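A.B. asks: Turn these sequences into a full structure, and let the hints guide you.
Position in the sequence shown counted from 1, then plus 97, gives you our numbering.
Calculated directly from the structure, the hints in this document are not laboratory data. This one's a predicted model, so the numbers in the text were calculated from it and none came from an experiment. Heads up, the beta-carbon is just placed ideally off N, CA and C, and yes, glycines get one too. One should not assume that every hint holds.
Claimed, not checked - Cβ-Cβ distance ranges computed for the label pairs, FRET-style:
1. R147 x A117: 21 to 29 Å
2. V134 x D157: 34 to 42 Å
3. S156 x S115: 30 to 38 Å
4. E144 x S115: 28 to 36 Å
5. R137 x D157: 31 to 39 Å
6. V99 x G135: 17 to 25 Å
7. R101 x G135: 16 to 24 Å
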Amino acid sequence: MVVRLLTTEEVADRFRTSPATVRYWRHIGIGPAGVRVGRRVLYDEAECDRWWQSKVANSDR
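C.D. replies: Next comes the structure, spelled out in structure tokens:
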């Protein structure tokens with residue numbers, strides 16, 4: 098199984114928000130889980146998808 102890792106910028110593009118918002122989500126603990134690798138934070142693409150699906154499932158439509 099290949100794990101695709103996304104940068105903060107790629108996560109921001111995926112969720113149509115800014116990199117600053119993704120960093121803020123990480124800071125307050127509400128965004129997808131990321132892993133610090135050196136000076137960068139990388140996000141597992143599958144984890145981002147699971148996080149998004151949990152948000153969609155819990156939203157009021």
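A.B. asks: Could you tell me whether the CB distance from R101 to G135 stays inside 16 to 24 Å?
C.D. replies: About 18 Å separates the Cβ atoms of R101 and G135, which means 16 to 24 Å holds.
A.B. asks: Take the C-beta atom of V134 and the C-beta atom of D157, compute their distance, and say whether it sits inside 34 to 42 Å.
C.D. replies: Holds, since V134 and D157 (Cβ atoms, about 36 Å apart) stay within the stated range.
A.B. asks: A range of 30 to 38 Å was offered for this pair. Does it hold for the Cβ distance of S156 and S115?
C.D. replies: 21 Å, violated
A.B. asks: If I claimed the Cβ atoms of V99 and G135 lie 17 to 25 Å apart, would that claim hold in this structure?
C.D. replies: Given a distance of about 21 Å, which is inside 17 to 25 Å, the answer is holds.
A.B. asks: Using the Cβ atoms, figure out if E144 sits within 28 to 36 Å of S115.
C.D. replies: 20 Å, violated
A.B. asks: Please test the hint of 21 to 29 Å on the beta carbon pair from R147 and A117.
C.D. replies: 23 Å, holds
A.B. asks: Note whether the CB distance of R137 and D157 lies within 31 to 39 Å or breaks it.
C.D. replies: 35 Å, holds
When each numbered hint is compared with the structure, violations occur for hints 3, 4.
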